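Modelling step: build the complete structure from the supplied sequences, incorporating the hints.
There are 2 protein chains.
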Amino acid sequence: MALIVQKYGGTSVGNVERIGNVATKVKGWRDQGHDVIVVVSAMSGETNRLVELAKATQETPSPRELDVLLSTGEQVTIALLAMALAARGCPARSYTGSQVHIRTDSAFNKARILDIDNQHIRADLAQGRVVVVAGFQGIDEAGNITTLGRGGSDTTAVALAAALKADECQIYTDVDGVYTTDPRVVPEARRLERITFEAMLEMASLGSKVLQIRSVEFAGKYNVPLRVLSSFEEGEGTLITYEEEGMEEALISGIAFNRDEAKLTIVGVPDQPGVAYKILGPIGDANIEIDMIIQNVGVDGSTDFTFTVHRNDYKKALEILQNSSIELGAREVSGDNKIVKISLVGVGMRSHAGIASTMFGTLAKEGINIRMISTSEIKISVVVDEKYLELGVRALHSAFGLDQERP
Amino acid sequence: MALIVQKYGGTSVGNVERIGNVATKVKGWRDQGHDVIVVVSAMSGETNRLVELAKATQETPSPRELDVLLSTGEQVTIALLAMALAARGCPARSYTGSQVHIRTDSAFNKARILDIDNQHIRADLAQGRVVVVAGFQGIDEAGNITTLGRGGSDTTAVALAAALKADECQIYTDVDGVYTTDPRVVPEARRLERITFEAMLEMASLGSKVLQIRSVEFAGKYNVPLRVLSSFEEGEGTLITYEEEGMEEALISGIAFNRDEAKLTIVGVPDQPGVAYKILGPIGDANIEIDMIIQNVGVDGSTDFTFTVHRNDYKKALEILQNSSIELGAREVSGDNKIVKISLVGVGMRSHAGIASTMFGTLAKEGINIRMISTSEIKISVVVDEKYLELGVRALHSAFGLDQERP
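So the protein lines, in turn, are chains P and B. The numbering of the first sequence is the working numbering, which starts it at 388 and goes up by one. The numbering of the second sequence is the working numbering, which starts it at 388 and goes up by one.
Hints were generated in silico from the structure; no laboratory data involved. This structure is a prediction, so every number in the text was calculated from the model and none was measured. Mixed in with the good hints there might be a few duds.
All copies of an identical chain are treated as equivalent in the list; a pair is satisfied when it fits inside any one copy or across any two copies.
[Unchecked claim] The calculated lysine-lysine pairs, modelled on DSSO-like cross-linking and capped at a C-alpha distance of 27 angstroms, are: (1) Lys442 with Lys412; (2) Lys442 with Lys414; (3) Lys552 with Lys412; (4) Lys752 with Lys703; (5) Lys442 with Lys608; (6) Lys665 with Lys414; (7) Lys497 with Lys608.
Below you can see the structure in the form of structure tokens.
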């Protein structure tokens with residue numbers, strides 16, 4: 388008998404029939420003797436409907452009131468799921484974030500969980516009830532309703548699992564696990580049985596939108612075993628844990644990619660202390676997030692900077708950079724918004740040499756020119772022309788044997 | 388400067404545009420220097436939508452979970468109204484029933500308010516904010532969400548007005564006040580400027596659906612001046628208060644009627660102690676509410692009973708009565724579901740003789756046969772054939788001068 392926290396997203400609870408299916412699934416786990424806590428999101432479409440109502444009422448809706456409004460979405464789902472469970476003879480009780488004291492800071496629309504009072508939950512579990520908790524929401528010290536921002540329901544589930552020392556936190560979604568890469572690009576992509584928190588973080592942050600980064604970080608921090616599975620199909624999904632001794636860890640977990648990148652370059656800047664800050668400071672001040680950064684020092688005492696930003700911020704970043712370049716006496720500013728980033732991710736890289744050269748060799752053989760390279764302990768990213776995305780990902784997927792069954 | 392509690396019903400906040408109109412109205416009161424607390428219902432249609440979702444999920448939805456679900460309706464409205472006020476430069480803050488500790492008993496779906504913590508509200512008013520409170524909802528001792536049942540938002544408004552000792556509780560609705568009778572039946576019906584709590588209770592319980600009975604009782608109990616006005620038109624509405632000395636109280640406030648009545652008679656029952664209980668007990672046990680009751684004692688030691696029930700319960704009541712009649716050895720059972728009740732209401736009756744005879748005389752002159760009569764201190768009700776409803780109400784309205792302007 389285990390204590391399991393399950394989270395079902397908006398698509399999984401998108402209508403009354405689907406809520407019924409979730410209830411049947413939950414009851415199945417409970418009938419096996421497990422204690423089950425279920426965290427749910429708003430029914431798909433509901434959050435957007437509420438946001439539209441807010442925008443029609445106030446151009447920039449008050450953050451406090453927006454949270455009062457949005458938190459109703461999950462509240463509807465918890466009540467319906469508790470009813471659906473009861474209708475199947477499974478005793479259940481629903482709680483809002485406020486009712487189980489999911490205490491957060493006061494950063495409306497993007498609050499962070501501080502702690503959870505699990506007294507109610509423990510009492511209900513002891514009485515054989517399934518406990519249904521509204522994801523995405525909490526209350527601050529003063530009793531104001533807060534929300535955790537998009538994807539916050541995953542964080543709620545992980546936080547509950549941590550607070551209750553659950554045996555597993557299961558995130559049900561519309562995919563059946565974490566894949567070696569996007570199956571729409573590589574049909575041979577395979578579901579991973581396991582992946583480490585670190586590798587998952589790199590995969591997630593690079594655009595594999597299966598899990599929210601924050602929830603993976605949270606799970607890693609509190610060592611909560613996390614499992615991603617499908618709401619709609621049977622299967623084991625993918626388990627995300629720390630590397631265990633003797634665990635068969637793959638050399639490479641997968642290949643992530645990001646189509647939303649743009650690249651900017653400033654050439655011939657005098658190489659003086661503080662120059663990086665002078666270039667990147669104004670970009671950051673404009674709330675533009677910078678991803679990769681590369682600096683080359685030239686022979687003539689000048690230096691070149693290249694960095695990438697989200698494609699939506701390209702124009703604005705280019706303008707800012709052009710202004711800075713005059714001030715700095717730079718030789719030239721250029722940019723390219725037809726690039727993509729491809730990343731190889733795997734904790735095995737730490738102990739294995741030759742991964743980078745295999746990667747670069749594979750791309751070279753396909754005639755793909757590498758425009759930027761950046762590496763971390765468990766990741767190698769390259770920037771290439773947009774048109775090479777599919778070719779590059781497929782070649783790497785095959786070169787690293789990701790389409791082969793593991794031994 | 389006064390402290391005013393205003394309540395806007397579902398039609399008044401039925402869409403974003405109407406919520407905007409309410410905000411403009413509320414701001415107008417605040418700009419005049421008043422402290423304003425606003426209680427709102429769910430947007431019209433929303434409660435029904437939620438009830439449908441519940442019924443589609445569980446045949447008889449769990450009462451606790453139904454309240455979790457339904458309370459979201461008002462929560463949406465408070466957030467939107469607070470936004471609409473802010474958009475008009477009027478500082479505002481919204482609160483759910485739970486946030487202002489509207490503490491109720493645990494009778495889910497029909498809870499009663501026990502007390503209210505007005506600390507938050509006082510603090511916000513002191514800071515110049517309009518306070519927006521969700522109607523219809525509260526929390527019980529254990530922190531469960533409760534609702535007060537249909538029309539509960541009126542009760543919330545009155546309870547807040549009582550707790551804060553407000554100068555006036557204004558109920559905004561889609562009619563512009565309380566009328567001498569239904570204007571659809573008597574076009575000459577006039578709006579009353581004032582009516583007493585007692586007369587209002589009689590008018591409300593007899594089918595003038597302007598205000599919930601419970602909220603009028605509550606207002607009377609705590610002596611909260613209550614005003615009914617229109618959300619859509621300008622006007623003074625109708626003020627409901629206690630009789631004041633020197634107050635021009637009308638002899639008759641108005642004429643109420645009820646089309647939903649049915650009449651049952653059991654003839655020739657042995658006149659023994661406990662016979663009323665034997666007849667009416669089984670009816671009550673079947674959850675059928677009995678309205679008027681009349682008993683005649685015959686000369687032969689037997690007695691006749693006539694009583695009225697809601698027309699929907701007619702068939703069921705008749706069946707029960709037929710069964711009882713065999714047991715009781717009654718002579719005959721008969722019924723009529725084509726009857727209506729017409730009531731004359733007015734606190735002036737207490738001190739004026741001749742009202743009843745004027746009433747009966749007026750009906751006789753029109754050839755209307757009276758089938759039952761029942762009187763209270765401030766009300767005379769008669770049961771007549773359905774077909775005479777309009778004729779009877781119009782004749783009485785004119786006979787008592789209700790279509791005349793008061794001096």
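Hint compliance check: list the failing hint numbers for this structure, sorted ascending.
4, 5, 6
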